[in-house]
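Novice: Top line first, the protein sequences correspond to chains A and B.
Residue 26 in the UniProt record's numbering sits at position 26 of the first sequence; the count goes up by one each step and never skips.
Residue 158 in the UniProt record's numbering sits at position 158 of the second sequence; the count goes up by one each step and never skips.
To be clear, the hints were calculated from the coordinates, so they are not data collected in a lab.
These figures come from a predicted structure and were not determined experimentally.
A hint or two may mislead.
Identical copies look the same in the list; a pair holds intra-copy or inter-copy alike.
[Said to hold, decoys possible] Restricting the straight-line Cα-Cα distance to at most 25 angstroms, the calculated cross-link-like pairs of lysine to aspartate or glutamate (DMTMM-like) are: (1) LYS22 / ASP43; (2) LYS325 / ASP243; (3) LYS92 / GLU235; (4) LYS314 / ASP101; (5) LYS92 / ASP291; (6) LYS348 / ASP93; (7) LYS57 / ASP89; (8) LYS325 / ASP205; (9) LYS232 / ASP42; (10) LYS244 / GLU168; (11) LYS325 / ASP201; (12) LYS377 / ASP174; (13) LYS238 / ASP345.
2 protein chains.
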Amino acid sequence: MSIYQASVTAPVNIATLKYWGKRDKSLNLPTNSSISVTLSQDDLRTLTTASASPSFKEDQLWLNGKLENLNTPRTQACLADLRQLRKQDEEKDDSLPKLSDYKLHIVSENNFPTAAGLASSAAGFAALIFAIAKLFNLQQTNSELSKIARKGSGSACRSLFGGFVAWEMGSQVDGSDSKAIEIAPLSHWPSMKAMILVVSDDKKDTSSTTGMQATVATSDLFQHRIENVVPKRFEEMKQAILDKDFAKFAELTMRDSNQFHATCLDTYPPIFYLNDTSKKIIKVVERINSDAGEVIAAYTFDAGPNAVIYYDEKDEEKVLGAMYKYFGSVDGWNHKKFQHGNNEDEIKGVSRVILTTIGEGPQSTEESLINESGLPKLATSTNN
Amino acid sequence: MSIYQASVTAPVNIATLKYWGKRDKSLNLPTNSSISVTLSQDDLRTLTTASASPSFKEDQLWLNGKLENLNTPRTQACLADLRQLRKQDEEKDDSLPKLSDYKLHIVSENNFPTAAGLASSAAGFAALIFAIAKLFNLQQTNSELSKIARKGSGSACRSLFGGFVAWEMGSQVDGSDSKAIEIAPLSHWPSMKAMILVVSDDKKDTSSTTGMQATVATSDLFQHRIENVVPKRFEEMKQAILDKDFAKFAELTMRDSNQFHATCLDTYPPIFYLNDTSKKIIKVVERINSDAGEVIAAYTFDAGPNAVIYYDEKDEEKVLGAMYKYFGSVDGWNHKKFQHGNNEDEIKGVSRVILTTIGEGPQSTEESLINESGLPKLATSTNN
């Protein structure tokens, strides 16, 4: 039995200028451009093996050891696009195996616990699209592939690049110009680091898809944000990245996180993602910056209470030193060189920290998750 | 010794269309018009006696039994305005005693605990201005007096009326058209009731004066709110009150509370007044409305985590019944006719409830707080 396969890894990205709002729901076309930082795959990545064989009976996806449903309109749209591109190549070159006609077996695993509540769909769809593109030997650029990933999960398009990434909203009705581009590679500013504070939450958040549609439909402030605030901020943030101006980048990042959550609160009925612990983290970052006499740390929050803190390696002592004082008792600290605070300093509500850096885009790998029968190998990666 | 005196009471008002932002700080001129509901003085009022005598050596104010500083620019501006009006009357009628030249002794008491964290400056300044106006026998309308109260504390101007009140922002540079007017008296909609949930808070809030200046200076969304949202909402809310359309009034009230807090969050650095308990109260109100199949309760939050819930008397059973389920174990319930929920339903973080109705504007009273020597009588009212 001939089985063709390719394995890749793809990273998580965390927006610093937020994507919130679709102008076209089925194509995942956004109401505004966004910017993100790609995080290191050493700490957070999805590994995906895509395989194709004439012997497979149906398309199947195993995610973290569990069979998942591939029959969603979004996933089907991605598979159709990739097969279409492969078919074009096969039509040009008769010697190519007809992979576009074969069923696919896809196996995917995250190296971070799902329980951490980190949005994994971006890394997941980026890895899915990149793995199949490798399997099909597609020659499209990552920007072209990002348009396909976008249809699976909007923010997934930004996980096709490492370093600093923009998702240009585009203006075409068919989405042909709504794609990710690299603002600057990891090598431009490799000292940028990130700390994730995983915040416990006792309630179910409104899903981003539902939430953003409600915001677009009901928030008066939202229209002003996308028309009058984001276009200018997009240019300013790109420039701050190119200038490696951390203070500017940080202020824009914090203002944009706040404004995104403000439009959630202006939604009717209101949507809350920040909780009291999130607010305490904001106050800690404000104190770190005020003690330093300059802006050396930036917070950002997505559609949930978890915080991501960006800082430059040169300020690690100050930033992590302060953070350790308040959150030193939880898991995830990889060294104990910082001074733990008094018990009364401790802020409750954070369940773990993840210390990481910015990282590269999707990578090919020799590590396969599929055995000779085209089925998942026994799980070896961390997942729960 | 001749002592002239007058005693009045003035109510608390709670904005349903929020005042947030000054266009002139010293005159307390707002960036937008606002609307409020006056609460019953049976539950929340300031009682103030103003007295004048040629024997008094200096202006003095006792608030809740403590001597307070009268030498603030705001209070001085109020006293100067009132003395100026009195002087005009004295110049026209030689037989009038020259009260405008006498020093004032003012004694003021609230009938609600300061610890409840309810903004008392509105009732306090309204009572102060109304008491001195009575003492001086001024013939100005309450709208005219509201302009003086406004200089003491912006929202105090709305406490010069009962029922439903608008503060028209005006356009004059000197503030001569920035005043309160009655939208509808208490008798128009006497079945409107209010429930206050006093929420415990462990942090010091940003003061409204500081907070609103920061919002005006830094929030991009704020400008849009005052220019494009509030003017339309002001007219719609007035009409909903005139129509006694509770559902419309309620939705506008909740949207405006949310949007006010959204602009606080869009302030840089962000200002948070709502805490996790406030959010749970919002969810309870959403559930009450969803269970009723119509909007029968409205929440609003000022610059702090306390909630005020408006509802119509006809829905009291449904609204208070549900509230009792979640908050039945705290002080302030005046009857126990509602079914208490299970322990697991109870929401912590509320320290007491105040059940009240809408009420009248300032009233003259025979109850004096000043003795024959022109000094405070021993306190008899509740205060702490």
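Novice: Against each hint, give a clear statement of whether it holds in the structure.
Specialist: Okay, the hints, checked on the actual structure:
1. LYS22 / ASP43: neither (30 angstroms within a copy, 48 angstroms between copies)
2. LYS325 / ASP243: neither (32 angstroms within a copy, 57 angstroms between copies)
3. LYS92 / GLU235: For LYS92 and GLU235, the Cα distance exceeds 25 angstroms both inside one copy (41 angstroms) and across copies (66 angstroms).
4. LYS314 / ASP101: neither (53 angstroms within a copy, 67 angstroms between copies)
5. LYS92 / ASP291: Neither. Shortest intra-copy (64 angstroms) and inter-copy (62 angstroms) distances fail the 25 angstroms Cα cut-off.
6. LYS348 / ASP93: The answer is neither: 61 angstroms in one copy and 69 angstroms across copies each exceed 25 angstroms.
7. LYS57 / ASP89: within (24 angstroms within a copy, 99 angstroms between copies)
8. LYS325 / ASP205: The answer is between: 24 angstroms across copies meets 25 angstroms, while 29 angstroms in one copy does not.
9. LYS232 / ASP42: This pair counts as neither: shortest intra-copy Cα distance 34 angstroms, inter-copy 53 angstroms.
10. LYS244 / GLU168: within (21 angstroms within a copy, 48 angstroms between copies)
11. LYS325 / ASP201: Both ways: LYS325 and ASP201 sit 22 angstroms apart in one copy and 23 angstroms across, limit 25 angstroms.
12. LYS377 / ASP174: Close neither inside one copy (39 angstroms) nor across copies (79 angstroms); limit 25 angstroms.
13. LYS238 / ASP345: Neither. Shortest intra-copy (37 angstroms) and inter-copy (49 angstroms) distances fail the 25 angstroms Cα cut-off.
Violated hints, listed in ascending order, are 1, 2, 3, 4, 5, 6, 9, 12 and 13; each of the other numbered hints is respected by the structure.
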